[in-house]
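**Student:** Take a look at the letters that make up each chain.
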Amino acid sequence: MKRLEVRGLQIGFQTDQGWIPAVRDLSFDLGVGEILGIAGESGSGKSALALALMGLLPSNTQVRGKVLFQGGDLLQNNAESWRKIRGSKMAMIFQDPMSSLHPYLRIGDQIIEPLLIHGLANPKQAREQALACLAEMGISDPKTMLQQYPHECSGGMRQRAVIAMAVLAKPDLLIADEPTTALDVTTQREVLIWMQKWIRASGASLVFISHDVGVLSEMADQLMVMYLGQGVERGSLVEVLKRPHHPYTDGLLRSLPAMQDRNAKHFYSLAGHVPPGGSIPSGCSFHPRCPAVQDLCRTTEQMLEINQERWTACMRAKEGSWKSS
Amino acid sequence: MIQWAIRRVLQGVLVLGFVISLTFFLIRLAPGGPFDRDRNLPAEVQEKLLETYHLDQPVFQQYTNYLGRILHGDLGPSFIRSDRSVNQLIEAGVWITFELGVYALFYAMVIGLTLGIWAGTHEGTWQDRLAMGMSLLGMGLPSFLLGPLLVWIFGMKLGWVPVSGWDSPASKILPVITLGSVYASYLARLMRTGIVETQREDYIRTARAKGLSEGAILIGHTLRTALIPVMNFLGPAAAALLSGSFVVETLFQIPGLGRFYVQAAFNRDYTMILGTTVFLSVLVVTFNMLSDFLQMAMNPRIRLQEGGDLS
Amino acid sequence: MQKNSLKWILVLVSMLVSCQGGSQNDLAQLTRDQIYAVGNGSEISGLDPHRVTGVPEDHVISTLFEGLIGEDPKGLGLLPGVAQSWRISKDGKVYTFEFQSNAKWSNGDAVVPEDFVFAWKRLLTRDLGAEYAYLLFHLKNGRAFYDGSLKDFAQVGVKALSPQSLEVTLEHPTPFFLEILKFYPTYPLHRGSIESFGGPLARDGKWTQPGNLVSNGPFQLAQWDLNKVLVAKANPHYWDASMVRLKEIRFYPIDSRQTEERMFRSGALHKTESLPLHKVEAYRSENSTYLRIEPYLGIFYYMLNTAQKPLNDKRVRQALSLAFDRKGFVEHLLKAGQKPADSFTPPGIGRYVPKTQLPYDVDRARQLLAEAGYPGGKGFPSIELLYNSGEEHRTMSEAVQQMWLKNLGIRVELVNQDWKVYLASRKQGKYTIARASWIGDYMDPGTFLELFVKDGGNNFTGWSNPRYSQWLKETEVEMKEERRNALFEKMEALLMDEVPVIPVYYYTRAYLLRPEVQGHDPQLLDRHPAKYLWLKPPAP
Amino acid sequence: MSLWTLFALMLLAGIGPLFATHTFDQQSLNLGATPPSWEHWMGTDTLGRDLLARILVGARISFLVGFAATFVSLVIGVIWGGLAGYCGGKIDSLMMRIADALYALPFIIFIILLTVVFGRHLLLLFLAIGAVEWLTMARVVRGQVAQVRQAEFVLNLKGFGFSHFRILFLHILPNILGPIVAYTTLTIPSVMLLEAFLSYLGLGVQAPMSSWGSLMASGVEGMEEYPWLLWFPALGLGLTLMSLHFLGEGLRDYLDPKKKQELLL
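Chains as they are written, first to last, in the working numbering: chain A, 1 to 325; chain B, 1 to 311; chain C, 1 to 540; chain D, 1 to 265.
Keep in mind that a hint or two might mislead.
Said to hold, decoys possible - Chain D is faced by these chain C residues, among others (derived, beta-carbon under 10 Å):
(1) P276
(2) H332
(3) K335
(4) K339
(5) G390
(6) E391
(7) E398
(8) Q401
(9) N416
(10) Q417
(11) D418
(12) K420
Said to hold, decoys possible - Away from chain D, derived, C-beta distances all over 12 Å, residues of chain C:
(13) L27
(14) V55
(15) T96
(16) Y387
(17) M396
(18) K454
(19) P515
As the list claims (entries may be wrong) - Pairwise CB distance ranges (calculated):
(20) I153(B) <-> S163(D): 39 to 45 Å
(21) S163(D) <-> D295(A): 51 to 57 Å
(22) L10(B) <-> D455(C): 53 to 59 Å
(23) I153(B) <-> A222(C): 32 to 38 Å
(24) G159(B) <-> G409(C): 32 to 38 Å
(25) P174(D) <-> T186(A): 44 to 50 Å
(26) F71(D) <-> N465(C): 51 to 57 Å
(27) M1(B) <-> V75(D): 53 to 59 Å
(28) V75(D) <-> K157(B): 28 to 34 Å
(29) I153(B) <-> G119(A): 47 to 53 Å
(30) P281(A) <-> K90(D): 38 to 44 Å
(31) L235(D) <-> P538(C): 57 to 63 Å
(32) F71(D) <-> R129(B): 24 to 30 Å
Simulated from the structure, these hints should not be mistaken for laboratory data. All C-beta atoms, glycine included, are put in the ideal place defined by N, C-alpha and C.
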């Protein structure tokens, strides 16, 4: 069963320098109880995607396509219907817990706010739920924490607060944008494990966005790789890790520390850089950096679909020929 | 918190003492004394006059005398208004000035903050431009221009309100608008900027992601931060408004403290200048303290520092 | 939301409209009730006749109090006041005043000669610090008592002869002494009330508060709200109460001329204290029934610092005066009926007619300047023209600057200073040319010409002349009017030839007056005793 | 756009008088005040002087005073407020109480003294105005700095061992530019008007030179008789104000680090 269906999503920003596309013709599905990891370098449009799913893009953006969630197209939502589902049916965990928490409000008040405004609990219940949730996440003194202000907490505590804020209302869809980037490795692990547990227990679906394929590989059921606003590869985690079809995915995987060939003299890293906003190369947009580029790649792009859950944007994937070269 | 308040009050007393001392000597340095007039008095009369008001004593002795008196709450006799003491004069003007100031402050806050919020939440739209246009108008029309203009239109041409005075509710409308408009414009701009800046913060996006309505975000989240520059401005502004405006009071024939203050300065009425300065300092100290206090109440980071001083 | 706010605005506007006119004076009603509403310049500094100076104070005090001699509403005569008659001794030194039999204070007490003795002693008491004390230096031993060399007031020349008569003895025969008695510092004071509120030297002014103040004039103090209004009501005990037709006078202290004019126009005042320069023309062409322009005993002039180069050269001073287009100045700039000055003393004082002429003669002026060594203004140092801050003074100074530049080719730099700074600069001689004005206190040429005596307290020009000073001394004792006037004429001629001052124009009083006000006649000193005023509602 | 308007105004002020057919002080008493005509595009004042010429000359003074005095107040205000807010604690209290005290001093007397002691130099005018205008500026800046200085990034910078000076002026200030720019654009017009009052007290611009403030102040008096004497200078000030406003907005957007971030997402 599908929880979320994205069809032909286009996102662009109108700026002084003109039109900048952030997401180009993206389609994917997310099943109930599934964790979809989205990987990509910065500028790949993954954050824009997350915001678009929540309807939080600034007013100078244009979004086209369809995002079907619980029977309705989210993109047709007006402000009121957005308001109703945000925080209750779907919730988001932002990447920088410091800046995404209001500095002048108590943590407790911020955590329970979604419960209160959606009428899911009275203040007392909400507080108890928050306490329970924080305790579960391993906060030693949740009571004190609720009374504290963001700057009085450690980064890990803040991150847990942000997560608690999102999950307390038991949303069906959770979107996490680099939720653990700011944390040290130990804390990061704890948080990730807890999140995974929570998803499994609640039956919610999670879109987990990260530049770090390593993190994704510990969390996700499904993996989608984005490059320059396009999905370049999609498949189950195991599939993708084992047999990346797209040279970009391959590059990403090979640059992971755990995947590095211990005997190699140099760390592997992807050649070149993501082109600056607005300039999309012709043909396959990855071709300037592609180690296996062919003439056809410079002019044509093609989607190769193995099945609905397994596709790639590299025309040569089926041949597997790029790998040999 | 109490400790903080006590410290601030003590600092306030120091400020007051400093202001009194500085003013005391400064006004005596300014050319022209209280009894210099178009026609000069015979030397012996002039001399006696100075003696009567103890202006013949060494300045330092005058100073200590004055300090002694002021500790007893006596601001001394007015040099110019020989029938009244400075205490009486201030008492005569202060309530009217307060009334005018409070209304003007209220007006400025209601209009200014509303416009500012309206503009800030509609950044870049025609509403924003309209509101900022109005605020520009308010700034471009200083009270010495706005007042006569309003009187001319609403008092003379339309005859809706009296052209002067401070008795009936109708007579109070124009002075309040005249006095408050510039402040309303300032507040509108500061408020708008505050909101625009705050709205770019991540935590506002967070609030939106929680499903809060725009109204709730504004009140519960945006204003919390956006009000800080406004608060900083409101302290001195409130002090200025409540200490009276010479221009508005003169224009509308209002018997307030602002007129006394400027009349005293122009007449070199030493005791009266000092009296009104003392009064103004108390207002400044109080309102800046109040504005700091409000900020502290709003900003927990500052509260942390209770042990030290307000940051 | 927007509709709602529109509704609110409508409600607000209708509220405004419905409460309009709340406290606005209803002039027609006031007129019917004989209540006279008048603008009175800046707020009076007090009501103690010995402790104040100034014109607005004069207006109020002279309605509340009355001196020995009454003011003539139409001309310059001497009318009975508290004194119904008076005699002057042959040598002009002893005056005997017979009192009105029913002269009473506002509390019903009789006004007695002792009240004058009490008041004059108070005025001459050094510890009071009265600025006008010198007015009584004309009394025998007045000065001596003031400076403390005489302790016994009985030896001062004022004495109650009987409950009805007062004898005043002067140091010198002083021809204008009776004029001084019209002036408020010489009015009587009510001893009882002053003593019950702390005595003559008390500084808290309790005795002048409404309810406490006992006065002997046609009106008594009813209400005094600082910077707002002072109300005087008819005094039923006044000896000539049957003459008084006004029931009440409201004095409005108004700092801004613009505000005052607007109040008048909106029907809040019967009379204004002044009129902005801009408005004269408009009133002349549109509302001439309101506009009053009357001669006034005052002179506008420029004082020259004769101690400074290049003004120490008489020819330069003469050139400056000759190059001054007084007529153009008055007609095109001031436009309020002022007369170009031909003398320092304005005309109209008794039979004294100044005979000097101040022609506008640019050729002669250039010639004089060339003789002084500055042909065509070459080599003339840049000089400063000092004026006290104010829109009109600035305009006038700019015109003068241009005039001298055009006519003589000399550069004048304008300097404005706040009033008190300006006074101090003038006094200390820190100026080159300064604007100035002088208003006569009483009807005597001496009130103008005594200014330029050597070391005179108001002579800041650095100019003096022994002959001039000698002549002035002679006028003080000369009793024959013709001979006295001849002396003044000689002084005037000398002054106009030496040019320590450049007279520009004789003042006029320009103000607005409702036609309902009756008994308000032009008077050179601008005194309009309220006793004779009344209000006539216009015919329906 | 706003920059161009402002630039055009300044250019006019700078070279306008050179081309004008009338000089600002050339009088014609007989002419007096006349409404706008072909000969005098903006009419004449009561002394028969060409208003256009006077407005152009006045613009020089007003711009000079407006910018220079605002600059003075900006410099003092930002440094003072910034230091107070950054240092906090006792230093902060001391600095802000000093500002309180200065705020309460009788301004008129202060100005009069200034003229007496130092004369009437134009530089003094800037100082005098700057000296009062910086007080509120300092308060605004201090409030903002105090708010930002404990932000994560500042703490990080401290950790990196950056100097305080560097942190305050290169890292904190750019983050609070919004309110500063907003308040600065508010200050310029009020300074231009304040100049009229100071001239009244005898400081700075002397007659027959004109400034917009003094032209407006005298225009108000004859508002009903000679309306053009009020509206033309007011129009000039209005235009300036408007361009400053939009300039301020543009400047802030340009300098604002956050706005740029938004683009990248």
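**Student:** A separate judgement is required for each hint: does it hold in the structure or not?
**Tutor:** Structure-based check of each hint:
The interface hint given for P276(C) holds, since its Cβ lies 6 Å from the closest Cβ of chain D, which is under the 10 Å cut-off. Because the beta carbon of H332(C) sits about 4 Å from the nearest beta carbon in chain D, less than 10 Å, this interface hint is met. Because the smallest distance between the Cβ of K335(C) and any Cβ of chain D comes to about 9 Å, under 10 Å, the interface hint for this residue holds. Violation of the interface hint for K339(C) is found here, the shortest Cβ-Cβ separation to chain D being roughly 17 Å, above the 10 Å cut-off.
Hint status for G390(C): holds, given a least beta-carbon distance of 8 Å to chain D, under 10 Å. Below 10 Å, beta-carbon pairs count as interface contacts, and E391(C) has one with chain D at about 5 Å; its hint therefore holds. Residue-level restraint check for E398(C) holds (minimum Cβ-Cβ distance to chain D is 5 Å; threshold 10 Å). With a least beta-carbon distance of about 7 Å to chain D, the hint placing Q401(C) at the interface is held under the 10 Å criterion.
Interface restraint check: N416(C) against chain D, minimum CB-CB distance 5 Å, threshold 10 Å, status holds. For the restraint placing Q417(C) at the interface with chain D, the shortest Cβ-Cβ distance is roughly 4 Å, inside the 10 Å limit, so the hint holds. At a threshold of 10 Å, the smallest CB-CB gap from D418(C) to chain D is about 5 Å, leaving the interface hint in force. A least Cβ separation of about 8 Å between K420(C) and chain D falls short of the 10 Å threshold, and the interface hint therefore holds.
The claim that L27(C) is not at the interface with chain D holds, since no C-beta of that chain comes within 12 Å of its own (minimum 21 Å). No Cβ of chain D comes within 12 Å of the Cβ of V55(C); the nearest lies about 22 Å off, and the non-interface call holds. Residue placement check: T96(C) keeps its beta carbon more than 12 Å from all beta carbons of chain D (closest about 52 Å). A beta-carbon of chain D comes within 12 Å of the beta-carbon of Y387(C); the shortest separation is about 9 Å.
A Cβ of chain D approaches the Cβ of M396(C) within 12 Å, the least distance being about 10 Å, so the stated non-interface status is violated. No Cβ of chain D comes within 12 Å of the Cβ of K454(C); the nearest lies about 29 Å off, and the non-interface call holds. At the 12 Å boundary, the C-beta of P515(C) stays outside the reach of chain D, the nearest C-beta of that chain being 22 Å off. Checked against the hint of 39 to 45 Å, the pair I153(B) and S163(D) fails, with Cβ atoms roughly 58 Å apart.
Our hint of 51 to 57 Å for S163(D) and D295(A) holds, since their Cβ atoms are close to 55 Å apart. About 55 Å separates the C-beta atoms of L10(B) and D455(C), a value consistent with the hinted range of 53 to 59 Å. Evaluation of the 32 to 38 Å hint for I153(B) and A222(C) yields a pass: the beta carbon distance comes to about 35 Å. Here the CB-CB span from G159(B) to G409(C) is close to 54 Å, at odds with the stated 32 to 38 Å.
Taking the beta carbon of each, P174(D) and T186(A) are about 35 Å apart, not inside 44 to 50 Å as hinted. Distance hint for F71(D) and N465(C): a CB-CB separation of about 56 Å, consistent with the stated range 51 to 57 Å. Restraint check, M1(B) to V75(D): a C-beta distance of roughly 35 Å breaks the suggested window 53 to 59 Å. Look at V75(D) against K157(B): about 46 Å separates their beta carbons, and that is not inside 28 to 34 Å.
A C-beta distance of roughly 51 Å is found between I153(B) and G119(A), which places it inside the suggested range of 47 to 53 Å. At about 60 Å, the CB distance of P281(A) to K90(D) disagrees with the hint of 38 to 44 Å. Our hint of 57 to 63 Å for L235(D) and P538(C) is violated, since their Cβ atoms are close to 43 Å apart. Between F71(D) and R129(B) the beta carbons are some 28 Å apart, a value that agrees with the proposed interval 24 to 30 Å.
The structure fails to meet hints 4, 16, 17, 20, 24, 25, 27, 28, 30 and 31 from the earlier list, while all remaining hints are met.
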